[in-house]
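Residue-level listing of the chains:
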Amino acid sequence: MGGFFQVALAVAGRQVYKYFTNPAFLAPALFPLFFFVAFAGGLTSVGDVPGFDYAAGYIAFQYVWALLQAVSMGGAFTGFSIAGDFENGFARRLMLAASNRYGIILGYTIASIVRATMTGTLVTVIALVTGMPISGGFDFFGLIALALLANIAATLFGAGVAMLLRTQQAGPVIRTPIFLVLFLAPVFVPLDLLSGWIEVVARLNPFTHILEAARGFLAGDPTSVASTFTISATLILVLSLWAVFGLRRAERAG
Amino acid sequence: MKVPPFFTEVLAIARRSTVRTVRQPAVIVSALLFPMMFFSINANGLDAASRIPGFPTDSYLDFAFAFPLIQASLFGAITAGADLARDIESGFFDRLSLTPMRPVALLGGMLAGVVALGLLQGVVFLTIGTLMGVDVSSGFFGMVVIVLLTVLVALGFGGIGAILAIRTGSVEAVESAFPLFFVAIFLSSINLPRDLIEQDWFRFIATVNPISYLVEGIRSLVITGWDTQALILGFGFALAIVVVAIGGAAASLKTRVA
Amino acid sequence: MARERGIEVENLVREFRRGPRAVDGIDLRVEPGEVYGFLGPNGAGKSTTVLMLTTLLPPTSGTATVAGYDIVHEGPQVRASIGAALQEAALDPFLTGREHLHLQAALHGLSRKERKRRGQELLERVGLEGAADRKVRGYSGGMKRRLDLALALVHGPQILFLDEPTTGLDPQSRSALWAEVSRLAREDGVTVFLTTQYLEEADVLADRVGIIDRGRIVAEDTPEALKAEIGRPSVEATPAEISDRDAVARVLRGFGEEIPAQPGAVAVRLSGGAAGLADVVRALDREDVRVANLRLDEPSLDDVFLAKTGRSLEGAGEGEDGDMEEAQA
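Residue numbers (the working numbering), protein chains in the order written: chain P, 1 to 254; chain L, 1 to 258; chain B, 1 to 329.
None of these hints come from the bench; they were simulated from the model. Keep in mind that the hints are not guaranteed to be accurate.
[What the hints assert, rightly or not] Only pairs whose alpha carbons sit at most 25 Å apart, straight line, appear in this in silico SDA-like list of lysine to any residue: (1) B:116 <-> L:170; (2) B:113 <-> L:170; (3) B:308 <-> B:224; (4) B:308 <-> B:88; (5) B:135 <-> B:88; (6) B:135 <-> L:28; (7) L:254 <-> B:127; (8) B:135 <-> L:170; (9) L:254 <-> B:63; (10) B:135 <-> L:176; (11) L:254 <-> B:18; (12) B:113 <-> L:20; (13) P:18 <-> P:106; (14) B:116 <-> L:19; (15) L:254 <-> B:58; (16) B:135 <-> L:11; (17) P:18 <-> L:176; (18) L:254 <-> B:15; (19) B:135 <-> B:158; (20) L:254 <-> B:17; (21) B:116 <-> B:158; (22) B:116 <-> L:6; (23) B:135 <-> L:254; (24) L:254 <-> B:90; (25) B:135 <-> L:116; (26) B:116 <-> L:15; (27) B:116 <-> L:254.
[Stated by the list, open to error] A partial selection of chain L residues facing chain B, derived with a Cβ cut-off under 7 Å: (28) 4; (29) 12; (30) 16; (31) 23; (32) 86; (33) 91; (34) 94; (35) 98; (36) 99; (37) 101; (38) 102.
Where is the CB? At the ideal position from N, CA and C, for every residue including glycine.
Required output: the full structure, derived from the provided sequences and hints.
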């Protein structure tokens, strides 16, 4: 399997190099940060709603969503990058040169994780600066693990779409579903305070489980850990197949 | 040299703007669809907020109804501004400048388009909103006033879009202003009443942000009925923006045309 | 006071904030009814000159009158007298050809009935009746240029400005446009000010040519006079048999001085001009000398440009785009 990892590292290396030569690589964090400021700044009194008992406070409540949003958007941006590589012909060269093409997917995923680490750190720093408290029992590793899983899932989704469409038109096709998934979730209040159609949709949304579990980790009160990780793993498995499907289509197109 | 009356010129330009828009159904659909979608998601997601102690109404849907109207006016203004910038970029503006057309007529035609779209959006959103369960306390006449205020807001934003277009002559520059306006909308009382904003800095920004008063004007017609103070502030700020923006656009036009 | 109906330019200058002068003091005069060709490489200042003369760009200094009106102080009158088809075919992709014409006509104050009539007339004139009700987005480059010309003619202007009208067009479209421009000048008496980087275009269409380089006019006259000034045409004959070379040379030397030629051939500069070619043929025939190939070479406007500036016209220019960007700023 030497070829697989070699290819992956080569692809990842190139992507990461592109990041450092272009400060815009932090762009996926912009809208999440903006929403964080708007919601954590303007909506804190939502924490006073009867039944809202998130121990870590409203700012922390919003921070988790902002973090997951940033890493998910990072995955989407990687998808845009792949689409761009197809459009300018680079991807074709890559596919011809690679001894193991699955390594290409892994490479982009690794690069995406690297970026997610940086955007995630940025969001976290901003949240701390705005006064988010760190409560005792905060499960750092659990939170990071979920963030990484969200990032990987989004990257695989974006990669699949990008390899299928192979043009910049992939942009909206990647962005919109991820956007909807992020918003059709307990964004402003916890799941048990949602009602109406949005509650139904949110319950069916796998992201909701990741979000609620991540919030639990941050508050030192982990819930549904096993089921969440199972759901995440399944999601990643399905999306890996999706990415491979996209790769096969790209190969066939030549 | 035959110089057509000003009205004929504006009409000719306005007709062109309308025809272009109608021929891009995707633009109309997204101008109507996205604000409504966002509204639905937001309003439902924040429904629990109506249970915050001191919240002015028990329906967050009613409270948030101003949001799609304001957001849609913004979209419309940026689109119209981008179209004007495109005309400048492509040289179409130069072509029109070679006719006896008064440059102000071009502005008038563009704004006529913005007003028409604002009118359409107001009516469509009110219809859909009512079907979704929004209860307008001020009744039918209140709805008419809501549409009027929406149109004024659209006109004001349109003027700002025009200034950007004329000053920069670049579609990209106009479109990149969109996130800034989007941010400005959120840094207002759009999601919560000002007195329920806990963070001092945020409440301060919301208080000095003219958009808060536009929002509160529309909102008062929905949840309160006839709140004179809110209406005076809402219309006052809307008119002020219109005057400043359109005045600015007309002045910018003078420097662009030799 | 009768106004001079052509174009008169005196020491016109245009400076931009960055870079050298785009137009560096030009003088020119175009008589009414004339076709004037403004020839020069990219970046020479052609488009900038046109923008000034059409009042879209104010000059830095100097004066000009177009149709008798001052370009700075009588802008509206100038604009009423001219039509312009500028470098970018500035059209709205969502409107049809007919709608463009109606809009232009409306803005020129034509009544609804007149708009329809005039629109139809112009569409037929430029050969676009078939595509009139299709959106411009679907037009080819040639069609867009033709619509551009039609739009410039809506109000029946006395003076027409064409800025590189055939750049990028296929040969058929180019010829069609040339035919229409010639007709306009000949039959309708329209004065045409045309800029181009194509020698052939200036040569074929223009009554007089002004050659501009780096913002200055380096030569101005009829194409024939300009070429004659540079040199006379030459004739080169390749004998059918190499042994006849001396005989050919003897005949040809009677028509002008000998000049360098291809190996095995003889060339002379015709002192009597291109008309002398017929005499050369007759003389060769009389002496019973057979030639395999006989060629007449005229000096071209490129030779003129080369003589005046030391550079060849083709491939001589800096980006005219820089010109346009500055002009639109």
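Each hint tested on the structure:
1. B:116 <-> L:170: Not satisfied, since the Cα-Cα distance of roughly 34 Å exceeds 25 Å.
2. B:113 <-> L:170: Distance of about 37 Å is beyond 25 Å: violated.
3. B:308 <-> B:224: Holds, at roughly 16 Å.
4. B:308 <-> B:88: violated (30 Å)
5. B:135 <-> B:88: holds (18 Å)
6. B:135 <-> L:28: Holds, because 19 Å separates the two Cα atoms, which is no more than 25 Å.
7. L:254 <-> B:127: Violated, at roughly 38 Å.
8. B:135 <-> L:170: Distance of about 24 Å is within 25 Å: holds.
9. L:254 <-> B:63: Between residue 254 of chain L and residue 63 of chain B the Cα gap is close to 22 Å, so the pair holds against 25 Å.
10. B:135 <-> L:176: violated (29 Å)
11. L:254 <-> B:18: Measuring from Cα to Cα gives roughly 23 Å; hence the hint holds.
12. B:113 <-> L:20: Within the cut-off at roughly 23 Å; holds.
13. P:18 <-> P:106: holds (17 Å)
14. B:116 <-> L:19: Distance ~18 Å between residue 116 of chain B and residue 19 of chain L Cα, so the pair holds.
15. L:254 <-> B:58: Measuring from Cα to Cα gives roughly 13 Å; hence the hint holds.
16. B:135 <-> L:11: holds (21 Å)
17. P:18 <-> L:176: holds (23 Å)
18. L:254 <-> B:15: holds (21 Å)
19. B:135 <-> B:158: violated (29 Å)
20. L:254 <-> B:17: holds (20 Å)
21. B:116 <-> B:158: holds (21 Å)
22. B:116 <-> L:6: holds (21 Å)
23. B:135 <-> L:254: violated (32 Å)
24. L:254 <-> B:90: The hint holds at about 21 Å.
25. B:135 <-> L:116: Roughly 23 Å between the alpha carbons, so the hint for residue 135 of chain B and residue 116 of chain L holds.
26. B:116 <-> L:15: holds (16 Å)
27. B:116 <-> L:254: violated (32 Å)
28. 4: holds (4 Å)
29. 12: Nearest chain B Cβ about 4 Å off; hint holds.
30. 16: holds (6 Å)
31. 23: holds (5 Å)
32. 86: Constraint on residue 86 of chain L not satisfied, violated at 9 Å.
33. 91: holds (3 Å)
34. 94: With Cβ-Cβ at 6 Å, under 7 Å, it holds.
35. 98: With a minimum Cβ separation of about 5 Å from chain B (threshold 7 Å), the hint on residue 98 of chain L holds.
36. 99: Constraint on residue 99 of chain L satisfied, holds at 4 Å.
37. 101: holds (4 Å)
38. 102: Hint on residue 102 of chain L: violated, closest Cβ of chain B at ~10 Å, above 7 Å.
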